[in-house]
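J.: Order-wise, the sequence lines are chains A and B. Counted the way this note's numbering counts, the first sequence spans residues 8 to 504. Counted the way this note's numbering counts, the second sequence spans residues 8 to 504.
Among these hints, one or two may not hold up.
Given that identical chains are not distinguished, each listed pair holds provided it fits within a single copy or across any two copies.
Pairs of lysine to any residue, SDA-like flavour, derived with a Cα cap of 25 Å [as the list claims (entries may be wrong)]:
hint	residue 1	residue 2
1	K377	V42
2	K377	R80
3	K257	Q283
4	K58	E482
5	K69	M175
6	K377	E78
7	K351	N148
8	K377	D152
9	K58	K397
10	K281	H182
Treat the hints as calculated values from the structure; they're not laboratory data.
There are 2 protein chains.
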Amino acid sequence: MDKFVSIQLDPSSEIPLYLQIYNGIVDLIEEGIIVRGEKLPPIRKMASFFKVNSVTVVNAYKHLEVQGYVESRVGSGTYVCYSSKKNNPDEFGTSEEVFSLSHRGHKSMFRDTARSIKFDFASASIAPDYFPVQDFKDVVNEVLDRDGGYALEYQESSGYPPLKESIMEFMKAQHGLSVPFEEIQIISGAQQGIDILAKAFLNYGDVVYVEAPTYPGAINAFRSRGAHIVEINMEEDGIDLNDLEKKLAKTPPKLFYTMPVFQNPTGNSYSLKKKQELIALATRHDFYIIEDDHVSDLYYRQKPLLLKALDDSDKVFYIKSYSKLFLPGMRLAFLWVPKFHFDKTALAKYSSDISSSGFFQRAMDLFLRKGLWTKHVMRLRKIFNDKWQKTHKALVNHMTKEIKYNLPDGGHFFWLELPKGYYSMNLYDIALKNGVSIMPGNLFFMSQKPTEGFRLSFAQISSQDIDRGIQKLSESINHLIENPYAIIQGPDDRPLL
Amino acid sequence: MDKFVSIQLDPSSEIPLYLQIYNGIVDLIEEGIIVRGEKLPPIRKMASFFKVNSVTVVNAYKHLEVQGYVESRVGSGTYVCYSSKKNNPDEFGTSEEVFSLSHRGHKSMFRDTARSIKFDFASASIAPDYFPVQDFKDVVNEVLDRDGGYALEYQESSGYPPLKESIMEFMKAQHGLSVPFEEIQIISGAQQGIDILAKAFLNYGDVVYVEAPTYPGAINAFRSRGAHIVEINMEEDGIDLNDLEKKLAKTPPKLFYTMPVFQNPTGNSYSLKKKQELIALATRHDFYIIEDDHVSDLYYRQKPLLLKALDDSDKVFYIKSYSKLFLPGMRLAFLWVPKFHFDKTALAKYSSDISSSGFFQRAMDLFLRKGLWTKHVMRLRKIFNDKWQKTHKALVNHMTKEIKYNLPDGGHFFWLELPKGYYSMNLYDIALKNGVSIMPGNLFFMSQKPTEGFRLSFAQISSQDIDRGIQKLSESINHLIENPYAIIQGPDDRPLL
Chain A
8 MDKFVSIQLD PSSEIPLYLQ IYNGIVDLIE EGIIVRGEKL PPIRKMASFF KVNSVTVVNA
68 YKHLEVQGYV ESRVGSGTYV CYSSKKNNPD EFGTSEEVFS LSHRGHKSMF RDTARSIKFD
128 FASASIAPDY FPVQDFKDVV NEVLDRDGGY ALEYQESSGY PPLKESIMEF MKAQHGLSVP
188 FEEIQIISGA QQGIDILAKA FLNYGDVVYV EAPTYPGAIN AFRSRGAHIV EINMEEDGID
248 LNDLEKKLAK TPPKLFYTMP VFQNPTGNSY SLKKKQELIA LATRHDFYII EDDHVSDLYY
308 RQKPLLLKAL DDSDKVFYIK SYSKLFLPGM RLAFLWVPKF HFDKTALAKY SSDISSSGFF
368 QRAMDLFLRK GLWTKHVMRL RKIFNDKWQK THKALVNHMT KEIKYNLPDG GHFFWLELPK
428 GYYSMNLYDI ALKNGVSIMP GNLFFMSQKP TEGFRLSFAQ ISSQDIDRGI QKLSESINHL
488 IENPYAIIQG PDDRPLL
Chain B
8 MDKFVSIQLD PSSEIPLYLQ IYNGIVDLIE EGIIVRGEKL PPIRKMASFF KVNSVTVVNA
68 YKHLEVQGYV ESRVGSGTYV CYSSKKNNPD EFGTSEEVFS LSHRGHKSMF RDTARSIKFD
128 FASASIAPDY FPVQDFKDVV NEVLDRDGGY ALEYQESSGY PPLKESIMEF MKAQHGLSVP
188 FEEIQIISGA QQGIDILAKA FLNYGDVVYV EAPTYPGAIN AFRSRGAHIV EINMEEDGID
248 LNDLEKKLAK TPPKLFYTMP VFQNPTGNSY SLKKKQELIA LATRHDFYII EDDHVSDLYY
308 RQKPLLLKAL DDSDKVFYIK SYSKLFLPGM RLAFLWVPKF HFDKTALAKY SSDISSSGFF
368 QRAMDLFLRK GLWTKHVMRL RKIFNDKWQK THKALVNHMT KEIKYNLPDG GHFFWLELPK
428 GYYSMNLYDI ALKNGVSIMP GNLFFMSQKP TEGFRLSFAQ ISSQDIDRGI QKLSESINHL
488 IENPYAIIQG PDDRPLL
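Bound-form chain A, shown alone (with noise of 0.2 Å):
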């Protein structure tokens, strides 16, 4: 048992006694002192080393498990199974986005603080305990007794038919919009539909357009095949209308990247002028818009109005996101794609990976034919209706003056600045000592140079630790404002400004 001796158990922390040790044991496989293989003490051992309930030790390994650092077998004990965390986006309780960036010189950014995390703000994943596990198990096993084998052999690859009548259906009831069957393409995920759309229509050198500040992993996939990508400023009503012509004056895109609605990170959505606008000026100097539909049902205001549903002459390809509000882990969503570009679109979902998954697909189905995607999102409406009461409140409450932030209509992003010179990376580090994780602004631009701005998610942080955490995060930005300089200085492998 001495390797556990460096465990101290702090019973008048905030954080739980079963993570406490979690994260001690994630600590010790970390640094190699528990190595893959090894087994762990029996519960009823650890608990009485550590002086605590068997259950706490149960939930401490159990968890564990699910974040893939043990497994247990059968009959015999529980097993370490290393993993290195270099890849994880789930290590850092924060979000996709992290992966892609820890890509591009950030690895070390994220290291060793996310077990200190007590109020998660960079998460853009929703918390597992939010899906509808039940409801998943029924439908799954429904669809096994249903079909059987079927269920599991190669799907037709532009996706199963039901799917498709039931997302018809879907977008007939919830926006109006009738989406003819065969526009619809399944696919794995938004992420792949940006990646097939920049496969299918991008040639080495086209120009892209992205809103700025934007998405990651769009600007990888623009960028891995070889486009051009120009930045077009983002403002609190969408586009900056004005920036955008000029670009367009001297080189008009092949493809224009937008988050009309609740926007990624900003939160932000457009007007309907600005939509209106944006529609016409692609049809002015052809280009194509990607609309990504994230998560436009989470709205605490009026249900917005698509950028597809005012598209009258064919130029936007809709992607509507399952995965984001829904089951990350099922990795679906479709493709709107209009008529005259829906072969090139099916054959780079082909070629990419012949199918999405005819189980999941089987299984979403039913989700949305029996009404259990419109319960699950009302649930989560209201759930994350209250959060963003609260988080606005909070801010109201502890922001000081000089920090500007929106009001999002909906969505799970509120997008905070700064004061002019005071950057959003040096805070990040601060508010990590304190608990507290944001995604810094640069993280979302091409250049990811220094800036004032960055994200704030309500998606992983529960209702009661919002008013605490903003308390924690305003306490890190006035030690930032009145230290500027201290911060400055990282160890080497940080990239500080």
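Assemble chain B onto chain A, guided by the hints.
T.: Chain B only, in chain A's frame:
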């Protein structure tokens, strides 16, 4: 019921009655006589109309449902959901190749014929009857009970660590190979493996070598990167080394794509000497090899040696598919990437679809860990060994001396050659009229020019149908040879000679 008058049942036919009803209804749907949203007559009404047992109609409706033509609504009945057939690979009772090919001008080739196929020697997919559905169901429920919502979270991009562990053990036990943990990238099927390697390592105009004939999905993936593809002749014991060296002297490739074991479409394997020589050439000319291991588990003589086993100088990217023999609907495979190239590959994977389903990865992990995979493969090997022997025996019995064919050591393909000047594309048409489907050889070459060779797969056909099917095929061949000019004039939309 008037619409159903056109369906004529033939009780003396080899096609079961339920399938005749199914076929008839599919025809009505395809021809637009029954349309989407229309309700099918109740079971009993249908049964009395056709003068068959209710169970027959139930089976027909069930089959329509699993094929996605209809959906049953609880308490309401069975409704048509029209499936545009054009992108449906399953409709032909054939394989994944068809979709990709159907995008290249052969759409019409496969139309309106699927339902007359009694002897399917075209499909490369294993029949769903062989899938271990109950084991899969047990494992899926175990995962959900064990991990709850965590099973459905975003998965780290490189894969679920315990699955990597299981793969390491599997590769050790099966092939005596030690795969480093850090060199495993989980992917969504073998096609994605090819695609992300193309993405990571090819630039526009780069040269890729493929075997001729080869798997067309690979050609698509390379082509989508703008690669210049060069074909190297395939012989019975592997690549034609003279052809290879001649081409290497001119323009060495960046990548060489191969299936060294039980190749698709020929079923041939490389000799040890050719494997060694290929590795040596890769080292000398500095190119990388993609080894696509699609069915090396299905050996009927000695266990095959992987090319990767000879790879002392990290020249081989190894792709192992689990979908081919197992559950295509799960879309799981893994890539063994030499360490030096891992980050680049991982980024290509990430920008393609973030990660493969963590849920399926957990299920696959349990499958491997509990020995269910080994059990399944051993069972399949026995079944397929029997089918392999039956196919070979039938070829010996029914084929005339003019028809050449090989005897592969494993897998589920034979490669047959018609006498010089007789093209398999024409045989395809004649065979179909006899209820037999094959894959004409031209589909596996870049040029798609007519060839004498064709692929005979026994993946789908049942053991007891093999002899009859080969006999019918032999009759078709005789017909072709006796009337070589009769079929060259096809309808305009057919890509005949």
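J.: Would you mind marking each hint as holding or not holding in the structure?
T.: Checked hints:
1. Taking the shortest Cα distances, K377 and V42 sit within 25 Å of each other only across copies (23 Å), while inside one copy they are farther apart (47 Å).
2. For the identical chains of this complex, K377 and R80 are inter-copy neighbours only, at 10 Å across copies versus 37 Å inside a copy, given an alpha-carbon limit of 25 Å.
3. Proximity of K257 to Q283 under the C-alpha cut-off of 25 Å is restricted to the intra-copy arrangement: shortest distance 22 Å within a copy versus 55 Å between copies.
4. Taking CA atoms no more than 25 Å apart as the test, K58 paired with E482 passes in neither setting, with 35 Å inside one copy and 81 Å between copies.
5. In this assembly of identical chains, K69 and M175 lie within 25 Å of each other by CA distance solely across copies; the values are 23 Å between and 41 Å within a copy.
6. In this homomeric assembly, K377 and E78 come within 25 Å of each other (Cα to Cα) only across copies, at 13 Å, whereas the closest approach inside a single copy is 36 Å.
7. Within a single copy, K351 and N148 get their C-alpha atoms no closer than 35 Å, and across copies no closer than 38 Å, so neither meets the 25 Å cut-off.
8. In the homo-oligomer, the alpha carbons of K377 and D152 lie at most 25 Å apart both inside one protomer (17 Å) and across protomers (23 Å), since each shortest distance falls under that limit.
9. In the homo-oligomer, the alpha carbons of K58 and K397 never lie at most 25 Å apart, since the shortest distance is 37 Å inside one protomer and 67 Å across protomers.
10. Proximity of K281 to H182 under the C-alpha cut-off of 25 Å is restricted to the intra-copy arrangement: shortest distance 19 Å within a copy versus 60 Å between copies.
The structure does not agree with the numbered hints 4, 7, 9 stated previously, though it agrees with the rest.
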